[in-house]
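Chemist: Spelled out, the chains give:
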Amino acid sequence: MVEPKAYAAPNLVTPNRPVVFDPRVCTGCNWCVEVCQSDVFVPHPRKGEPPIILYPDECWYCGCCVKECPLHEKGAIQQNWPLMLRVRWKSKETGEHFRVGMPNPPPPNTRPPA
Amino acid sequence: MVNNNQYPTVPTFPIPWPYPVAYGEETDVDADVLVLGGGLAGCFAAISAARKGLRVVLVEKSCTIHSGAAGSGIDHWMGCPANPASKVTPEHYTLQPIMRHKGGYGNVIGTYIMARDSYDALLELEQMGVKIRDTEDEFKGADFRDEATKLLFAYDYENRHCIRVWGTGMKPALYKECKRLGVKIYDRVMVTSLLTEGGRQGARVVGATGVNTRTGAFYVFRAKASVLSMATPERLWIFSSEWTGLVGRDGPPANAGNGHAMAWRAGAEFAMMERSTHEEWGGSTGIGALMFSSGSNFATWYPCSIVDANGKEIPWVRGDGTVISTLRERTHPAPGQDFFSLVLGNGEGGESSLPTLIPDLPDRIKKGEFALPLYADLPAMPEHERRAIFGLMVGQEGHTWSVYRVLTRAGFDPDRDLLQVYELGQAPVGWRRLRWGGLIHDWDLKTSLDGLYAAGQQIFDGCGASFACSTGRWAGRRAANYALKAGEPLIDRKQVETEKARVYAPVQRNSGIDWKELACGIAKVMQDYCGDTKTEELMNIGLRSLSEIADAEASSLFARNPHELMRSLEVLDILTCCEIIVHASLARKATNTWLSFERLDYPEDDPPEWRKWVTVKLQDGEVKPGELALDYYGSLQENYEAHNK
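Taken in sequence, the protein lines are chains G and E.
Its first residue numbered 33, the first sequence is counted upward by one per residue in my numbering.
Its first residue numbered 17, the second sequence is counted upward by one per residue in my numbering.
Only true hints are included.
Just so you have them, the derived chain G footprint on chain E, three or more residues with Cβ under 8 Å:
(1) 69-81
(2) 256-269
(3) 303-315
It should be emphasised that the hints constitute simulated quantities derived from the structure, not laboratory data.
The beta-carbon is built from N, C-alpha and C at its ideal position, and this holds for glycine as well.
Could you put the whole structure together from the sequences, leaning on the hints where they help?
Modeler: What follows is the structure in structure tokens.
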């Protein structure tokens, strides 16, 4: 077992992770910072790193940061719905249940929108 | 993977503020036409003024490229009876919903401008690169497609007044067009006040002040004419910072009523501010599924079939109560019946109401006739319908661009899967939303103040994308006409200094109350004293509470950086909007079902002597109620032609 550490810190605001950056793909161009309606992000103090999500509680999940990211198809930034937004569905034929964020999810549906 | 919010991973808060701080540093900006608010209405206003060759400045608190309620997209273009396939006249389209669904309590001028002009506005958007037609013929042969124009329609496939569009590109296209026409855009600048001639309340508007939400720098905008095009205030009755998007559902977090508050302080006159509606979907006010991300039969999801847990279909009824059984009946009026449309903020409209699920569904669920949960049965829909709802509409409407991607990435397949319905039941007592109260205007969309024009949600009963675009386009041209003839605007320095002191007060304190607690407190006052039922005594306590809060807690508001300063100033504007609402609600001494307005002390519903607009404004610092005839708009066609310059 890893030795648990203890820190004194204020409670996190929740939800607190509206998007997830992949630092291996994100170049830190900060375009998402510029197109965010709510100014949720600020640029990282170190150039080239993903922005800091300073105000996650102000995100309304419009998705513009993801849509505008030149590398979103490569996963630089992904929308991350908080738990209370993760809706459920079931297969009409088999009745099998699914939800957004479930463990062992079904394969993605790759059909693009109209 | 980096999680910026877990201690002790990078960075350790607090970090230095990432932008240069310039509190109080002043920039003067001159314009012929000043557009305040850069959503759909503001962009169209700026474009139409710039096309007249004037110097146009656009100020936007957020980022014009994606700001506003339609910042991430829209999926249907309502109120478009002037399109070539429509079978409804603009006159009938305007008056029928307002008379039948709103009892006459609607904005006829704005609605008629939309009905006449929204197709032209849509064609302009098409020229800017927005896709409005099924050019790839993906929907060829569909019942909702006009083969000649390749336009796709929603709701009433017979009368064809609402167009399905690929709207995610609208704001970027408008932003580009503004730039191309030389509109000078100030993004991340929150407008804090209107400046008036001599600093007098009720005088000609000659400009505005603003504060940069990243640097805190101050702006003084001087203009011959101004267009106010901000949004209806949200989070008045409902607020918790623990819910997503500052409780934003169909309005983004930026919608804090700044335009309403500054116009009020400048002395402009309002109507319909007493109209609020009980929150319909408690589960989606930032605490449940995002709008249109769950199964539904409403708006974007119209006319999707809904089934119960055992696959039993929920019946639909027409507006007149007739139970209907086919998909065709959901999308075509009965022979001899009038057109139907989605009427935002609607009341009962009889036969012209949109078909919907049986109204006694909750009772029939309780009796065991239908089993929960319910599901949207996309697989049961014909391919064209399914593809239009999920592939086109959900792919385009507001945040549903990301809804489409999140759901499909998670494996949801509309061809096979039933998506659960969550939007059932009622919100808690007192959870209300202001429904479209705003500025009074004439046929030029000029407000009661000289030099001030307004569009979109800024005017009373203004809502919807095509309404915003059409009225913005109209207001921009009239503001330009005014600017061409107007005298030089003179700024009153004392008014600027007073505003500067007000704006920066929160950053000069380092303790007191923060904006979130203040917002929660104000919402509670509105729930308790201006909620679902109203009386003179309750509302007087409400006014007193708001006034006490303004004098005490709100005067100790503190902000630690320009972003918090923006949120703090927003809550002060929310406080002002709440005061306007309570004053308007006190002024109407009669219950009015059309306005969702229940006075326990004046229970008679819509008595003849109260069939009028109740207006409110500030005059010499005092609230002055007034009245205006519901039919002040006069003749539609004559006035439209006379003012279409």
